[in-house]
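Residue numbers (the working numbering), protein chains in the order written: chain A, 1 to 483; chain L, 1 to 44.
Since the hints were derived computationally from the structure, they do not count as laboratory data.
C-beta: ideal position from N, C-alpha, C; glycine also.
Misleading hints may appear alongside valid ones.
With the Cβ distance kept under 7 Å, some of the chain A side facing chain L (calculated, not the full set) [stated by the list, open to error]:
#1 I84
#2 P99
#3 T104
#4 W224
#5 T226
#6 N266
#7 K270
#8 L273
#9 G277
#10 I285
#11 L444
#12 V447
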Amino acid sequence: MNLGVLIAVLAYEVISIVGVGAVVAYKNKKNGGHEEGSFAFAGGGLPASLVGITLALTLLGSAHNWGTCQNAASMGVIAVWFGIACAVMMVVITQITGPWIRRTGAKTVGEFLGHIFGKKPGIMISSVNAALGIAMTCLEVETIAVTLSFLTGWEYTTCAVIGGILAMLYVLLAGMKEIAWLNLLNAIVMYVALIVVFVCLCFELPGGWDAVQSTVEANPDTAWFTSIFGNSALIIGFAIPNALGASLFHGMAQTGYQPVATAKSNKEVKKSLWYAGPINGCFCIIPALIGLAAFSIIAYRDAGSMMMTPAMIIDLLPKPVVALLAAGFLGVDLSSFAVMALAPATCISHDMYTLYKPDASEQTKTKMSRVLILVIGIISILICNFQPAPVDMVNWIFSFGVPVFVMAVIGIWWKRSEKAAVITFIVSWIAVCVWSTFGLQNQLGWVNFNVNYISLIFALVVGVITTAALPGKKGLFVGKKRV
Amino acid sequence: MQMCIETIVYTILLVFAITAVGYGIGKLNKFGDSDEAIHMDEEG
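Taking the hints into account, I'd like the entire structure generated from these sequences.
Now the structure itself:
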């Protein structure tokens, strides 16, 4: 066990939580307890640079770090396409949907979707988002377990239990505002750590990067691993659906809209793309390269696709560099867990519980949220062992957001029909489950026909037909002034 | 090292190309240029 590194990493997590908590408390006190200056809305006056950086870093998580390292073991540097796909997502958020939602004055995407769809579809979206949030927490527990396992050398299952407990404590110790800022801080540490790791590997890899390339290219089955354009089937089956799913999901989700809501004006939102696109889009370069480096060394392949990169890092790199990387990765995954666990807990306690108890007090709802976080944490620990690879899992989650995006665009520019929305959501989500969850895709052998394509086809066909056939109100922006 | 340089250069080029094209698309989205609030009481 690397006790020194483990202590350094845990010390960083504690110091960052306490430090950020103190700064947030000081700022709140200075503002007389008002929300100005908080991450949530920041007084609505942030410039393009801060909006872009916040957007880029808050949407960095497990799929960008360990997920991309793992993907590199099966597709080489093509794994960077996940980051490139996220640049497309930034275009959709900052150039299209973000400015639209801001013009309605909605503080949250839920409020905006409520204007379009009405009550019933709104509850459906909340319910599905709560379930997807739990799926995301499982993913974060998985990657927290990977980081702990590579620091301690303990069994993965043991690390999942400890990591899950650590994550639940993290949510209960740090408040929502602290978590948002912690996510930013940890993403910066993670970015710096990856650059340091890459530079160190230039000197520490046996034979250097040239040996990695020649080893991989020597095998005809993996020769294409060294080029990002090496396999056209993967561009269709991996890169394009990633861009589609990420753009349509986050384009109409609070995760994408939150930083946009803090901007000074729509012009600043549009300019923020020049920060958000490159910072998020280029992130996967180094995880893909180090994942491929680990794959090229036979000794680490036995550790399996998820653990081979951590095994190589701990073996080759100096301890301070390992500590820096682990601190960044663990921090980002812990804060992502917190955000993901809070979302379904709030959704259940505030949106669903109030359907039965409309008079429930804030205190009761907060207490319920805390209990739900514990329940979600326990569920995540129990099932995190049975999940697919993080990037596959993230794509499956994205596919549920595709019909919401399609119906939102129809509802904005054409017609709003509650019945059409309900039918489209149900049909598209059943199609996603049949295709991906219950394995029709594998039975047919259509490996490259990603679940996001299925979701988009069903949403478009059913959405257009039902909207045309059923009565509804005119589109939200129809007949409104363009500028 | 050639593989690393190619991956870094191609990825950066693609990301900036997407950003530039996306910014151009944003210029066409005139509805998103203004900060004037849409009045919800005009719904329906």
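| field | Restraint outcome when G277 of chain A is required to lie within 7 Å of chain L by C-beta distance | value | Since the shortest Cβ distance to chain L is 4 Å, the answer is holds.
| Holds or violated: is there a CB of chain L closer than 7 Å to the CB of T104 of chain A? | holds (5 Å)
| task | Identify whether the interface hint at P99 of chain A stands, where standing means a beta carbon of chain L within less than 7 Å of its own. | result | holds (3 Å)
| said: Does W224 of chain A hold up as a contact with chain L if the rule is Cβ-Cβ below 7 Å? | reply: violated (12 Å)
| Given hint L444 of chain A near chain L, where the shortest CB pair must fall under 7 Å | violated (31 Å)
| Are I84 of chain A and chain L close enough, Cβ to Cβ, to be under 7 Å, as the hint says? | holds (5 Å)
| request: With a cut-off of 7 Å on the beta carbons, see whether L273 of chain A makes it to chain L. | output: Hint holds; L273 of chain A Cβ to chain L Cβ min 6 Å, cut 7 Å.
| chain L contact restraint on V447 of chain A - CB to CB distance below 7 Å | violated (24 Å)
| Is the shortest C-beta separation between I285 of chain A and chain L less than 7 Å? | Cβ of I285 of chain A sits 5 Å from chain L, so the hint holds.
| said: Can you verify the interface hint for K270 of chain A: is its Cβ closer than 7 Å to any Cβ in chain L? | reply: Holds - the Cβ of K270 of chain A comes within 7 Å of chain L, reaching about 5 Å at its closest.
| Holds or violated: T226 of chain A as interface residue toward chain L, Cβ cutoff 7 Å? | Holds: closest Cβ of chain L sits about 5 Å from T226 of chain A, inside 7 Å.
| Status of the hint placing N266 of chain A at chain L (closest C-beta pair under 7 Å) | holds (5 Å)
The structure is inconsistent with the numbered hints 4, 11 and 12, although it conforms to all the rest.
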